[in-house]
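> Quick note, the sequences are listed as chains G and B, same order.
According to the working numbering, the stretch in the first sequence is residues 1 to 278, in order.
According to the working numbering, the stretch in the second sequence is residues 279 to 425, in order.
Treat the hints with care, as some may be off.
Below 27 Å or equal to it, Euclidean Cα-Cα: the simulated DSS-like pairs (lysine-lysine) are [said to hold, decoys possible]:
| hint | chain 1 | residue 1 | chain 2 | residue 2 |
| --- | --- | --- | --- | --- |
| 1 | G | K136 | B | K355 |
| 2 | G | K196 | G | K136 |
| 3 | G | K196 | G | K147 |
| 4 | G | K123 | G | K196 |
| 5 | G | K196 | G | K250 |
| 6 | B | K398 | G | K137 |
FYI, nobody ran anything at the bench for these hints, they're computed from the structure.
Predicted model, so just to flag it, every value in this text is computed and none were measured.
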Amino acid sequence: MTASWFILLLCAASLGAGFLGALTGLGGGVVIVPVLVLLFGVNMRFAVGASLVAVIATSSGAAAAYVREGFTNIRVGILLEVATVTGAIAGAIIAGYVSNRTIAIIFVFALFWSAYATLRPPKPLPPDQEPDAISKKFRLDSTYPTKEGMVAYKVHHVPVGGVLMFGAGMLSALVGVGSGIVKVFAMDRMMRLPFKVSTTTSNFMIGVTAAASAGVYLHRGQVEPEIAAPVALGALAGSLAGARVLPRIKTKALRWVFAGLVVFAGLELLRRVWGGAM
Amino acid sequence: MSTPGNTPTTPPRSSPPSPGNQPGATVHKKDLEASLATLLTAGTALAAVVLVLGIAWYLLRDSATVLQFATFEPRTKGGVLSVLRHAWSSGAGLMQLGVVLLILTPITRVFFTLVAFLIKRDWMYVVVTIIVLGVLLYGLFGEAALE
Numbered sequence: 001m002t003a004s005w006f007i008l009l010l011c012a013a014s015l016g017a018g019f020l021g022a023l024t025g026l027g028g029g030v031v032i033v034p035v036l037v038l039l040f041g042v043n044m045r046f047a048v049g050a051s052l053v054a055v056i057a058t059s060s061g062a063a064a065a066y067v068r069e070g071f072t073n074i075r076v077g078i079l080l081e082v083a084t085v086t087g088a089i090a091g092a093i094i095a096g097y098v099s100n101r102t103i104a105i106i107f108v109f110a111l112f113w114s115a116y117a118t119l120r121p122p123k124p125l126p127p128d129q130e131p132d133a134i135s136k137k138f139r140l141d142s143t144y145p146t147k148e149g150m151v152a153y154k155v156h157h158v159p160v161g162g163v164l165m166f167g168a169g170m171l172s173a174l175v176g177v178g179s180g181i182v183k184v185f186a187m188d189r190m191m192r193l194p195f196k197v198s199t200t201t202s203n204f205m206i207g208v209t210a211a212a213s214a215g216v217y218l219h220r221g222q223v224e225p226e227i228a229a230p231v232a233l234g235a236l237a238g239s240l241a242g243a244r245v246l247p248r249i250k251t252k253a254l255r256w257v258f259a260g261l262v263v264f265a266g267l268e269l270l271r272r273v274w275g276g277a278m
Numbered sequence: 279m280s281t282p283g284n285t286p287t288t289p290p291r292s293s294p295p296s297p298g299n300q301p302g303a304t305v306h307k308k309d310l311e312a313s314l315a316t317l318l319t320a321g322t323a324l325a326a327v328v329l330v331l332g333i334a335w336y337l338l339r340d341s342a343t344v345l346q347f348a349t350f351e352p353r354t355k356g357g358v359l360s361v362l363r364h365a366w367s368s369g370a371g372l373m374q375l376g377v378v379l380l381i382l383t384p385i386t387r388v389f390f391t392l393v394a395f396l397i398k399r400d401w402m403y404v405v406v407t408i409i410v411l412g413v414l415l416y417g418l419f420g421e422a423a424l425e
């Protein structure tokens with residue numbers, strides 16, 4: 001394939017990936033890596049590097065919109081970022097020592113978890129008003145806007161959240177995804193932040209986490225401009241378009257189609273790993 | 279985003295749900311949120327423009343190049359400084375500059391969060407933010423130590 005076709009097709013494919021990622025809430029990374037590896041024959045290392053850049057682009061684009069609404073808890077975000085960026089650097093170091101096959105298998109695990117979480121969104125938990133010593137020390141408790149005005153919430157289990165966030169950072173760096181699913185799981189389920197606060201704070205953190213490992217990969221030569229530039233641009237445009245369309249469409253059927261595609265891509269990746277093509 | 283916006287006027291957040299209070303804090307919060315949002319939009323928009331220009335340049339000059347990425351053979355090793363040095367030499371160089379601008383956007387945001395905590399003399403979070411920034415800068419510039 002000549003460069004012009006390669007770049008234009010990559011732009012188009014990433015546009016679609018960013019669009020679907022925004023509509024289903026899965027983010028772009030989960031789609032971009034399999035698109036690059038399976039459709040464009042790109043090596044897993046380059047795919048991870050390019051995907052991380054796209055993750056940063058879509059996160060920054062979306063965060064700008066959310067941040068204005070006042071849901072994001074910056075203190076929680078910045079405190080947990082200590083864990084995610086450290087995890088990301090650790091993941092980037094580990095990535096230098098493991099094979100493409102290992103990375104592919106971890107990626108498929110992340111893929112299946114994402115598909116499951118898309119189809120089975122967790123039921124809202126009742127707010128927990130018990131005070132928490134660590135949360136108090138770091139002044140994490142805050143308020144968020146609801147239809148009834150500002151509502152206060154309390155934050156819990158910060159150490160558990162920190163450990164999960166370290167894992168989220170590591171996963172993000174190893175396989176080139178935003179790990180939003182893990183971050184939301186940690187904040188919503190474990191730390192008991194309101195769901196909307198969890199998702200927007202997660203988005204706030206995703207770009208910062210990905211930037212930590214992207215720097216390492218840039219230095220290592222895993223970020224090729226011919227791949228990363230069209231992928232980031234396409235994913236950014238696609239995610240912005242997706243965010244525009246989102247309030248006006250029903251996403252249930254789309255989620256099923258998307259989860260189906262994701263599972264198919266995961267199985268195809270596994271087949272290649274087993275067939276020795278990776 | 280709640281918080282570098284948490285002002286000294288904000289009462290400790292251990293009070294039970296109290297709808298619609300803290301008008302002063304909210305106003306302050308909104309200001310900071312708006313400027314952080316503007317920063318993110320500006321950084322992303324700038325990067326997007328550079329990416330478009332880089333891609334256009336590349337397509338005009340190097341469109342017949344045959345690309346092959348099936349095997350991992352890094353061609354563009356080198357960190358941020360080397361990208362800045364080669365940004366104006368080719369379409370690929372300019373594309374990589376756009377990529378670096380994207381990577382720098384969230385890092386810049388962390389830096390501004392640090393400034394916000396400094397202005398508020400919130401020393402605990404100044405320290406927390408410096409740690410995050412330190413790890414980010416290590417990823418960006420200290421990679422040589424990882425090789």
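> Work down the list of hints and note, for each, if the structure agrees.
Now for the hints, and whether the structure bears them out:
no. : hint               : result
1   : G/K136 with B/K355 : violated, 45 Å
2   : G/K196 with G/K136 : holds, 21 Å
3   : G/K196 with G/K147 : holds, 13 Å
4   : G/K123 with G/K196 : holds, 13 Å
5   : G/K196 with G/K250 : holds, 19 Å
6   : B/K398 with G/K137 : holds, 17 Å
When each numbered hint is compared with the structure, a violation occurs for hint 1 only.
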